[in-house]
Structures are given as structure tokens and as C-alpha cells.
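So the sequences go chain by chain: A and B.
Using this note's numbering, the first residue of the first sequence is number 1199, and each one after it goes up by one.
Using this note's numbering, the first residue of the second sequence is number 1199, and each one after it goes up by one.
There's no promise every hint is true.
As the list claims (entries may be wrong) - Facing chain B, according to a computed beta carbon distance under 8 Å, are these residues of chain A, among others:
| hint | residue |
| --- | --- |
| 1 | Asp1244 |
| 2 | Phe1248 |
| 3 | Leu1249 |
| 4 | Ala1252 |
| 5 | His1256 |
| 6 | Phe1263 |
| 7 | Leu1335 |
| 8 | Glu1379 |
| 9 | Val1382 |
Just so you know, the hints here were simulated from the structure itself, not pulled from any lab data.
C-beta atoms are modelled at their ideal positions from N, C-alpha and C, and glycine is treated no differently.
There are 2 protein chains.
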Amino acid sequence: MLPQQRRTQLLEFVTSLGLPTLAGLQWHWLDQALIHPSAHLDVDNDRLEFLGDAVLRHLVTDFLFAAYPTASPGQLTVWRSHLTSDRYLASLAERFDLERVLVVGPTVDALGRPRRLADAWEALLGSLALSWGEATLPRLHHWLDPYFRATVEELQRDPAAHNPKAALQELTQSRWGILPEYRVVSQSGPANAPQFGVQVWIQGQCWGEGVGSSKKAAEVLAAKAAWEALQDQ
Amino acid sequence: MLPQQRRTQLLEFVTSLGLPTLAGLQWHWLDQALIHPSAHLDVDNDRLEFLGDAVLRHLVTDFLFAAYPTASPGQLTVWRSHLTSDRYLASLAERFDLERVLVVGPTVDALGRPRRLADAWEALLGSLALSWGEATLPRLHHWLDPYFRATVEELQRDPAAHNPKAALQELTQSRWGILPEYRVVSQSGPANAPQFGVQVWIQGQCWGEGVGSSKKAAEVLAAKAAWEALQDQ
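With the rest of the complex left out, here is chain A (with noise of 0.2 Å):
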């Protein structure tokens, strides 16, 4: 048993998550997706994480399908990544404040918060499929479609804004088959705040170029300018 406490949070806390319902609900699971390896407790989410990661992709993947019946599967996987990345993930469990009840350690550091957030968001998922069997996908689909739909809307408005590789991609694979070729030109600063520029190639022609504290963030920032240039065409 929980302890009284423990329980009346969780009920506030899946209360509010607007679930179509919480019969079957095993409180147990539940608790469980919400204890962070960090906490060094009896149990922790990592295998309940396992299970809701598998879960969330199928339940993304169902979506897109029905929704999208002329998409590609070049675009469908975009959208995919996009809807099980950890950002978009911890953006989900920010929204219903889920922090407030996750059980961490003393010592787990600021930069692993969105990786945590969406780990507990997907051991979330895991419980409830364990509570609720064969009911789960379609009970699941019911509470959170409407967010993947609103989602993809988005990113249909403005691919590059969430994720400007992936749309960078999909837009050179489409359009002539290829992929975009990213190039470091230029390294400076100080070894613990160092700059990198990157370029991005496209056909034997520079297409965009960013500057950034990593090489990934200087990728991101020329993918956005060529994307950018590229829709100028």
C-alpha cells in the first residue's frame, strides 16, 4: 500500500492529466513511473520507461498513419521524431506539471531535466498501458491525438522552427534525393566556451551558416538559414 500522502497526489496529479478515465488505474504502476533511478528507492521507472517508450511510438505511429493518409513515410518519420523526442516529450510533462510529483535524488543536475522529464513521461504511458490492457491504445489515442494533432499543425506551418535538420532533410531528400552535407569551417574561443562554424552544403553550394557553442547548435542554426533560403526557390 502507498502511503495516504503519496496517493492523494497522484490522484491530483492523474486527475488532472484529463485521461477519459481512470478505472483500472493500478496505483502501484502509477507510483512507480514516477520514482527517477536517482532516488536509489526498491524500485524505479526504467523498465516501466522500456515498455511506454515502445507504447508511445505505436500510439504516434497509429496516429499519423490514419491522419495522414498521403504523407510520405520520409514525412511521417519527421513528424515521429518530432512527437517522441525527449524535448517534445518534457514540453508534455511540463504542461501538467508532472515535476511535482516525481520522486528524484539529492544530486540530478539541471541538464538532464528534460531527459528526465520525458523518461517519467513514457514510464507514465507504461503504467497505464500495465493498468489498462488491451483498452490502452484507443483510451490513449482518445486523451492525447488531440495534442499530436495540434502538434503537426505546427510543424506543418513552419517546419523548421522544431526541428530545422530533420526539415532541412526531408526537403533535400524530396526534392533531389540527397542528404545535406554539414561542414565545420571555423573553431575559436577559450577550450571551455569554444565556437564552432558550420556550414551547410547542398549540391556543391553553401546554403546557410551558423555559429554556436556547439557543433550541433552551429548545425541547427545553418539548417534553419538554408531551409529558409531553400523556400525561396
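Using the hints provided, position chain B relative to the given structure of chain A.
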């Protein structure tokens, strides 16, 4: 409507699969799952593969989670990688002689065969999911869990036989929390038939060595040697 000949062929094929039921099967989805893009017909299996890939991953994850309640997520991940690998899916497709009903173009190459069979196998699962709706996962579990179970039992008996690199990684991670390091130590032979020598180093010591016609092949042999050497520890 499918031509009578194709329908007869597909009926024979699905009958041979040992599905728990043929009720509800939608023949046009089944037909589409078994059309490779190389055939350049009006429809092909690329979207169904996108769907089936996620169904399969969910199915395998569900199975592993329930069947091995004390296994670590790391161990589950190694098994899942195997049960969702092109090589394993192609072996299932071969067991049921899927190739005889797969429509391909005239120019497909032998090298792409495992990938082609694996993709069609995933698309087949996608077509069953569209036919069966909510009943999909229980029916697929009934059909495929026995194969998954037998395969995991084999992997437990001899983890290194199937995927030596994954087995070695699992071992070094669980024992020391580190990854093995592969080093190319030699390259010889003519350009069209090179031979690579690779060593695998763990904690400052070389534990295995392999020679092969690609770096990957040499790494696999080195990993197998290292895994066996570490078993004797």
C-alpha cells in the same frame, strides 16, 4: 478486387502462417504489404512498413517486459534489438517462404534481400493491424510469442553466437559500466578485397582480435573472442 490468382496465392500464404484467425483480414492491405517499391506499381509497402515496424516493436517490448520480470532494461534492450533486427525478421520471413508472394521489380539485387524481406515482414504486421484493430496485439502475441520465446532462450544459452558486439557491450556495461573499444590495427590486401585487423580493448587490455573483409566483420570476430575470453574469468 484482386485478381483471382493473386487472391489464391495470398490465401495459401496466410493459411501457412498459423495465425490464430483469418477473420477480418483485409485482402487489399495484405496484397499491398507484399509489394516492394521496386515493382513501381500504384501501391507499395512503404507506409505499411512504417506502421508495422512500430507494431512489432510494441509487441516485442510487451512480450519481453512480461516474460522476463527481473531482467534489466539493458538486457531487455539487447534482446529487443535482436528480435527487431533485419536479420531476425528476414529469418522469420524465410521460414514462411514470404518471398514467393512478394512482388518485386526486375532489378532488385541480392545484397538488399534481407532488408527487403524484413521490410515486407513488418508491412505484413502493419496490414494485420489495419485488419484487426484493437484485437491486433493479443492475436499477434498468440501467434509470435512462441517464436520470440524460443529465440530468447537460444540467446540466453549463447548470447555471443547471434550478436557478439551487443553481447560484449552488455557484459562490459553490467560488469564495469563501460563500453568496449574497437581499434583497427591493420589493413592489407588489394583495394577491391581489403582485409582489416581489429582489436577490442577493455580497461586498458586487449581481449580479442579479428580479421575480416570489412571493419564490421572483423569487429564481430574480435567481440566474439573477447566475450568468450571474459566468460572464462
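Cut-off 8 Å, beta-carbon criterion: hint that Leu1335 (chain A) touches chain B
holds, 7 Å
Does the nearest C-beta of chain B fall within a distance shorter than 8 Å of the C-beta of Asp1244 (chain A)?
holds, 5 Å
Does the CB of Ala1252 (chain A) sit less than 8 Å away from some CB of chain B?
holds, 4 Å
Under 8 Å, Cβ to Cβ, is where Leu1249 (chain A) needs to be relative to chain B, so tell me if that hint holds or is violated.
holds, 5 Å
Could you check if Val1382 (chain A) really has its C-beta closer than 8 Å to a C-beta on chain B?
At 23 Å from the nearest chain B Cβ, Val1382 (chain A) fails the 8 Å test, so the hint is violated.
Double-check Phe1248 (chain A) for me: the hint is only fine if its C-beta lies closer than 8 Å to a C-beta in chain B.
The hint holds - Phe1248 (chain A) has a Cβ within 8 Å of chain B, the shortest such distance being about 5 Å.
Restraint check, 8 Å cut-off on beta carbons, for Glu1379 (chain A) near chain B:
Since the shortest Cβ distance to chain B is 22 Å, the answer is violated.
Can the hint on Phe1263 (chain A) be confirmed by a CB-to-CB distance to chain B that is less than 8 Å?
With a minimum Cβ separation of about 5 Å from chain B (threshold 8 Å), the hint on Phe1263 (chain A) holds.
Taking the closest Cβ pair, is His1256 (chain A) under 8 Å from chain B?
holds, 4 Å
Hint violations for this structure: numbers 8 and 9, all remaining hints satisfied.
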